[in-house]
Amino acid sequence: MTDPASLQGVAMRTDWYIFIAAGVAVGIFVYVCIGWCLIAYRDRSGRVAEQFENNKPLEILYLVIPLLMVFALFGVTYAIEMPIDRVTGPPNRIAVTAFRWSWRFEYPNGTSTAGTPTKPPTLYLPVGRSTQIELRSDDVTHSFWVPAFLFKRDAIPGMINVFDVTPNRTGRFVSRCAQFCGLDHALMSFVVEVVPQSTYARYLAGNGTVTP
Amino acid sequence: MIEWLTTTDHKKIGIMYVVFVLAFFVIAGVLAGLIRAQLAVPNNTLLGAHAYNQVFTLHGTAMIFLVIAPFGFGLANFLVPLQIGAPDVAFPRLNAAGLWLFVLGGLTVFAGLATYGGAAATGWTAYAPLNEYFVGTGAGQDLFFIGLLMTSISTILTSINLLVTVFLLRAPGMTMWRIPIFTWEIVATSLLVLMAFPSLAAAFAMALIDRHMGAHFFDPAFGGNPVLYQHLFWFFGHPEVYVLILPYFGMITEIIATFSRKPVFGYVGMVISAFAIAGLSLGVWAHHMFTTGAVSNPFFSAVSFLIAVPTGVKFVNWIGTMWKGAISLTVPMLFAVGFLLNFLIGGITGVMIASPPIDYQAHDSYFIVQHFHYTIGGGSLFALFGALYFWFPKMFGFRLDERLGRWVFALLFLGFNATFIPMGFMGMEGMARRVYTYPAVGHLPMLNAIATLGSALMALGAILFFVEVLLAVRRRIPAGDNPWGAYTLEWMTSSPPPEFNFETLPAVRSRRPAL
Numbered sequence: 001m002t003d004p005a006s007l008q009g010v011a012m013r014t015d016w017y018i019f020i021a022a023g024v025a026v027g028i029f030v031y032v033c034i035g036w037c038l039i040a041y042r043d044r045s046g047r048v049a050e051q052f053e054n055n056k057p058l059e060i061l062y063l064v065i066p067l068l069m070v071f072a073l074f075g076v077t078y079a080i081e082m083p084i085d086r087v088t089g090p091p092n093r094i095a096v097t098a099f100r101w102s103w104r105f106e107y108p109n110g111t112s113t114a115g116t117p118t119k120p121p122t123l124y125l126p127v128g129r130s131t132q133i134e135l136r137s138d139d140v141t142h143s144f145w146v147p148a149f150l151f152k153r154d155a156i157p158g159m160i161n162v163f164d165v166t167p168n169r170t171g172r173f174v175s176r177c178a179q180f181c182g183l184d185h186a187l188m189s190f191v192v193e194v195v196p197q198s199t200y201a202r203y204l205a206g207n208g209t210v211t212p
Numbered sequence: 001m002i003e004w005l006t007t008t009d010h011k012k013i014g015i016m017y018v019v020f021v022l023a024f025f026v027i028a029g030v031l032a033g034l035i036r037a038q039l040a041v042p043n044n045t046l047l048g049a050h051a052y053n054q055v056f057t058l059h060g061t062a063m064i065f066l067v068i069a070p071f072g073f074g075l076a077n078f079l080v081p082l083q084i085g086a087p088d089v090a091f092p093r094l095n096a097a098g099l100w101l102f103v104l105g106g107l108t109v110f111a112g113l114a115t116y117g118g119a120a121a122t123g124w125t126a127y128a129p130l131n132e133y134f135v136g137t138g139a140g141q142d143l144f145f146i147g148l149l150m151t152s153i154s155t156i157l158t159s160i161n162l163l164v165t166v167f168l169l170r171a172p173g174m175t176m177w178r179i180p181i182f183t184w185e186i187v188a189t190s191l192l193v194l195m196a197f198p199s200l201a202a203a204f205a206m207a208l209i210d211r212h213m214g215a216h217f218f219d220p221a222f223g224g225n226p227v228l229y230q231h232l233f234w235f236f237g238h239p240e241v242y243v244l245i246l247p248y249f250g251m252i253t254e255i256i257a258t259f260s261r262k263p264v265f266g267y268v269g270m271v272i273s274a275f276a277i278a279g280l281s282l283g284v285w286a287h288h289m290f291t292t293g294a295v296s297n298p299f300f301s302a303v304s305f306l307i308a309v310p311t312g313v314k315f316v317n318w319i320g321t322m323w324k325g326a327i328s329l330t331v332p333m334l335f336a337v338g339f340l341l342n343f344l345i346g347g348i349t350g351v352m353i354a355s356p357p358i359d360y361q362a363h364d365s366y367f368i369v370q371h372f373h374y375t376i377g378g379g380s381l382f383a384l385f386g387a388l389y390f391w392f393p394k395m396f397g398f399r400l401d402e403r404l405g406r407w408v409f410a411l412l413f414l415g416f417n418a419t420f421i422p423m424g425f426m427g428m429e430g431m432a433r434r435v436y437t438y439p440a441v442g443h444l445p446m447l448n449a450i451a452t453l454g455s456a457l458m459a460l461g462a463i464l465f466f467v468e469v470l471l472a473v474r475r476r477i478p479a480g481d482n483p484w485g486a487y488t489l490e491w492m493t494s495s496p497p498p499e500f501n502f503e504t505l506p507a508v509r510s511r512r513p514a515l
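The listed protein sequences derive, respectively, from chains V and R. All residue numbers for the first sequence refer to this note's numbering, where the first residue is 1 and numbers rise by one. All residue numbers for the second sequence refer to this note's numbering, where the first residue is 1 and numbers rise by one.
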C-alpha cells in the first residue's frame with residue numbers, strides 16, 4: 001500500500017488495514033476448515049460417510065455471527081467515510097477540468113495550466129492546508145485519481161463534484177484518469193506536487209510562470 | 001446436421017449451448033492472451049491503443065454474455081427437465097429460438113470487427129456519453145448494442161421457459177422441497193433475470209436512440225444525464241453478476257455432495273440463501289458508483305455488506321456437506337474445491353470494496369480486475385470445468401480421462417492464481433484498469449510479467465482440456481448410467497438419456513432418488 005500523502009488518505013489506510021485483518025482472519029478460518037475436510041475425511045477403505053443433513057443451532061450461529069461482523073464493518077466504514085466526504089469550504093479552491101485526454105487546473109487567483117497526453121500537467125498543492133477541488137468534465141466521464149491520496153472522484157459532464165484534501169507531506173505524486181474515456185485514456189496522467197505553503201504562494205504570485 | 005439445426009429437444013439444445021459457449025470461450029481466451037501479451041512489459045507497442053481497447057471490450061463482453069451466463073442456462077436446459085423428471089421443457093420451440101438468438105447475438109457483436117472503425121471499444125459497460133461519440137464511424141458500437149439486446153432477449157425467454165418447466169412439469173413425488181439445489185439456483189437466477197434484464201434493454205435502447213435519433217437521454221447539454229445511464233446499466237449489471245454465479249453455486253453443490261457421499265448439508269438454508277442473494281442484489285447497484293458523488297454511499301455500502309451473510313451461509317453449508325463425509329478427489333471435485341478456494345478470495349475482496357473509503361482507491365483499478373476475476377474466473381469458470389467433467393458422461397455416454405483432467409486442473413489453478421494475485425497489488429500501486437500501456441514505475445513491470453506467465457499456464461491448461469475431449473471422443477470408453485454414484489434424478493436414466501428422458505415414470509420419494 002502506498003504511504004498516504006494526505007490526512008484523508010491516512011484515515012482510508014486505516015479502513016484498508018481493518019478490512020485486510022478481518023479478511024485474512026476469515027480466509028484462514030475457512031481454508032483450515034476446507035483443508036481439514038480434505039485431509040481427515042478422505043475416502044479411505046472402509047470409511048463410511050455420516051448421513052446428517054442439518055444442525056439447527058449451528059445454522060443459526062453462522063447466520064448471526066456474520067451479521068454481527070457485517071454490522072461492525074459497516075460501523076467502521078461509516079465512521080471513516082463521513083469526515084472524508086465532508087466539504088468544509090476552505091479558501092484555497094482549485095477548479096479541475098478533465099477533457100480527452102488531459103487536465104486543466106485553475107487556481108483561486110486566476111492562474112491556469114493545462115496539459116496534453118504527452119505532456120502531463122502538474123497540480124501544485126500546499127502542504128498542511130485544506131484545499132477544495134472542484135471537478136468538471138468537458139466531454140465524457142473521467143475520474144481524478146491520486147493513488148498517493150488513496151482517493152479518486154469522477155468528473156462527470158453536467159455536474160460539479162467537490163471534495164477537500166489536506167496533503168500531509170511534500171513530494172511528487174504521479175496521478176491519472178481512472179475512468180475509461182476512449183482512445184488515449186492510458187496516457188491521461190498528471191502530477192500532483194505537494195509543496196511548502198511559501199512555495200505555493202510564490203507559484204500563484206508568478207501566475208504559474210515560475211515553477212517551484 | 002439438419003436434425004441438430006431444427007431440433008427442439010432440450011438435451012440437444014443444451015449440448016449446442018455448451019459447444020457454442022466453448023467456441024466463444026476460445027475466442028475470449030485468445031483475446032485475454034493478447035491483453036497479457038500487450039501488458040507483459042511497460043511501454044509496449046505490440047497493439048495500438050485502438051486495437052487494445054477493442055480487445056478488452058470484446059474479451060469482457062464475450063466472457064460475460066457469451067460464456068459464463070449462457071453456459072449456466074445451457075446446462076440448465078440439459079439438466080433441469082432431467083432433474084425434475086420432465087420429458088422436455090415447457091416451450092421447446094421457444095427454447096430453440098433462445099439458443100439461436102444467443103448465437104446470432106454473439107456473432108453480431110463480433111461482426112463489429114469487420115466494420116470501418118472496428119468493434120466496440122468502450123468496455124463492456126459502454127458508459128454514456130462515451131458510447132455516443134463517433135456516431136458516423138462507430139457501427140461496431142451499434143452492433144454491440146444490437147447483439148447484446150438479442151442475447152438478453154434470449155436469456156429472458158429461456159428464464160421464463162425454465163420457470164414454467166420447474167413449476168408445472170415435475171414428476172409425481174418431486175415436491176418443491178425435493179428438487180435438486182442446481183434446479184433451485186436456476187429458479188432464483190431466472191427470477192433475477194426477469195427483474196434485471198429489462199433495465200439493460202432500456203439502457204441500450206436509449207443509447208441507440210440517442211446515437212441515431214438525437215434523443216439526448218444522456219447528454220447534459222440538452223438536459224440529459226450521464227449518471228442515469230450508470231443507474232440503468234448497474235441496476236442490470238449487479239444482478240447480472242449473480243446470474244453469473246448462482247447456477248455455478250448449484251453445480252458445485254451437486255458435485256460436493258456426490259463426492260462427499262452425503263446429502264447436501266442445510267438444504268433449506270441453501271435455497272433460502274439463493275433467494276436472499278437474488279433479492280439483495282437488486283438493491284446494491286450503486287456500489288459501482290461510489291466515486292460518482294451522485295449516490296448515497298452508506299446505504300449501498302450497507303446492503304452490499306449484507307450479501308456476505310447468505311453467501312457465508314452457502315460456504316458453511318459446503319463445508320458442512322464435506323464434514324465427516326468420505327471425500328474422493330475426482331476431477332470434478334478438484335474443480336469444486338478450486339472454486340471454494342478462489343471464490344473465497346473474490347468474496348473477501350468484494351466485502352472490502354463495498355466499503356467506500358477502500359473503493360475510493362480500488363475503484364477502476366487493477367484491484368477490481370483481480371476481485372471480479374476471482375469471482376467469475378476462479379469461481380464460475382472453475383465450476384464450469386467441474387460441471388463439464390461431471391455431466392459429460394451423462395451428455396455423451398462416455399467419460400473424460402481422470403489423469404489428464406488432473407493436469408488440466410493443476411495448470412488452470414496455478415496459472416489462474418499466478419495471473420490474478422499480482423493484480424491486486426498492481427491496483428494498490430495505482431495501475432488503472434483498461435490501459436494499453438503503463439510506465440515502468442515501482443513493482444508494476446515485475447507484477448505484470450508474473451501475470452503474463454500465469455496466463456500462459458492457463459492457456460496450456462485450456463489447450464490440454466480440448467486435447468482431452470478429442471481423445472475421449474476417439475476412445476469412447478462407456479460410462480454407464482451413473483458413473484459417479486450421484487444422487488439426483490438425471491442419473492437414473494440412461495447415458496445419454498433417450499428422447500423424452502425416461503422410459504418409465506421415475507419414482508421420487510426423497511431428495512436423493514438415485515441413492
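Since the hints were derived computationally from the structure, they do not count as laboratory data. Errors might be hidden in some of the hints.
[As the list claims (entries may be wrong)] Taking CB as the label site, the calculated pair distances span:
#1 Met82/V / Met195/R: 28 to 34 Å
#2 Ala205/V / Val441/R: 31 to 37 Å
#3 His216/R / Arg86/V: 47 to 53 Å
#4 Phe29/V / Tyr116/R: 32 to 38 Å
#5 Arg104/V / Gly117/R: 50 to 56 Å
#6 Leu94/R / Phe71/V: 51 to 57 Å
#7 Ala21/V / Thr504/R: 55 to 61 Å
#8 Arg42/V / Val441/R: 45 to 51 Å
#9 Pro445/R / Asn168/V: 25 to 31 Å
#10 Leu68/V / Glu3/R: 57 to 63 Å
Quick caveat: nothing in here was measured; it's all calculated off a predicted structure. For every residue, glycine included, the Cβ atom is placed at its ideal position computed from N, Cα and C.
To see whether the hints hold, each was checked on the structure:
1. Met82/V / Met195/R: 28 to 34 Å: Taking Cβ atoms as reference, Met82/V and Met195/R lie about 32 Å apart, which means the hint holds.
2. Ala205/V / Val441/R: 31 to 37 Å: Holds, since Ala205/V and Val441/R (Cβ atoms, about 33 Å apart) stay within the stated range.
3. His216/R / Arg86/V: 47 to 53 Å: violated, 34 Å
4. Phe29/V / Tyr116/R: 32 to 38 Å: violated, 56 Å
5. Arg104/V / Gly117/R: 50 to 56 Å: violated, 29 Å
6. Leu94/R / Phe71/V: 51 to 57 Å: violated, 45 Å
7. Ala21/V / Thr504/R: 55 to 61 Å: holds, 58 Å
8. Arg42/V / Val441/R: 45 to 51 Å: Holds - the Cβ-Cβ distance for Arg42/V and Val441/R, about 47 Å, lies within 45 to 51 Å.
9. Pro445/R / Asn168/V: 25 to 31 Å: holds, 29 Å
10. Leu68/V / Glu3/R: 57 to 63 Å: holds, 58 Å
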